[in-house]
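Using the sequences and the accompanying hints, generate a full structural model.
Chains as they are written, first to last, in this note's numbering: chain A, 1368 to 1406; chain B, -4 to 364.
Keep in mind the hints are simulated off the structure, nothing from the lab. Possibly wrong hints are sitting among the right ones.
[To be verified] Cross-link-like lysine-lysine pairs, in silico, PhoX-like; alpha carbons within 25 Å at most: (1) B:K326 - B:K27; (2) A:K1406 - B:K192; (3) B:K326 - A:K1403; (4) B:K96 - A:K1406; (5) B:K195 - A:K1403; (6) B:K303 - B:K96.
Below, each chain spelled out in residue letters.
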Amino acid sequence: MNINGFLEIIPSALVGWANVFAVILIVVVMISLLNKIFK
Amino acid sequence: MEILFENLMLIEWKMVIMWIIGGVLIYLAIKKNMEPSLLLPMGFGAILVNLPLSGAVTQGTEVGILDVLFNACVSNELFPLLLFVGIGAMIDFTPLLQNPKLMLFGAAAQFGIFFTLGAATLLGFELKDAASIAVIGAADGPTSIFVANHFNSNYLGAIMVAAYSYMALVPIIQPPVIKLITSKKERRIRMEYTEKKVSKTTKILFPIFLTVIAGLISPQSVALVGFLMFGNLIRECGVLDSLSETAQKVLANLVTLFLGITVAARMQADAFLSVETLMILGLGLVAFVFDTFGGVMVAKFLNIFLKKKINPMIGAAGISAFPMSARVINKMGLEEDNQNFLLMHSICVNVSGQIASVIAGGLILKMFG
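Printed below as a string of structure tokens:
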């Protein structure tokens, strides 16, 4: 069991998941703008 | 007469176990209709490569054809990327473009990837192998292969078996998890659907802009996202119908035909039969369970603030197993309330899961590459 490695990876894993949200948020804004401009 | 039987003396018990595993994969493909396009070639390939002194794989200086195919088409990520062109051409992103806010659940349902990253690290896997195993949670074969190859993971065979098996088992894995973390009242929440018009220009610009955004954020993901979106652009442009049809049918089928049997080159007994393989199969299940958990829990969290509640089950459709997960959620909704049609919402979330899983894969490559 690599408990130290696990504890070290937790912040990176959470940041990684948050980054997915951030990119998706940018994509959502992009789509909303496209829908608004090209009705 | 000896020449007929000398190879029989070289059979080892590990080879026999791999024949059985290959047989099980073939059985699941044919009898249970579980991802037959991949499990059947993988099962047959597992038998091919585990015959004594098999000519299908490299023996000494004699290079086997499966190793030729693997080096030419899998280790350089060619097959998964070509498959993505076909997949992109198959997907209609219109439901997503009509209701982009639901994309958040696609992101939420990638939680299993990052949870499994921690679990795999805890179990002692090296970081790059842990990252490769975690991407089973993307529920997307080409992404799993791409990332595992990029990291030179030794567990490609096990990762593929896990990814494709669990994708086929989504109708069995998701419902118990969803029922455990939602109440009957939540599962009966109705969601209205209003069809919105999406312009052709938007459908054409979407794949281009998405590729640029993803590529600027994570250059390592340009090939993955780019090929998926290229396939979609061919579909949506309206002037390349024959190319779109070729990508959806001929290209996708051709690559699928060879991909499964080629990956079996990494299912030789010595590499496949190990405690690590069992752990990977377990971690793959963990990834899918926590994908479902993440999607549903984010929906429940948002419902705290929303006046018009979301049925939290649609969060589970953010897993990239398209369209199976969407159908599972719709069926569960109808079981609770036979007038509650969640299909269009769950399809939207399911399609967004495809994009989110590729983005998650790209971010994993960037963070740990």
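**Q.** Structure-inconsistent hints, enumerated in ascending order
**A.** 3
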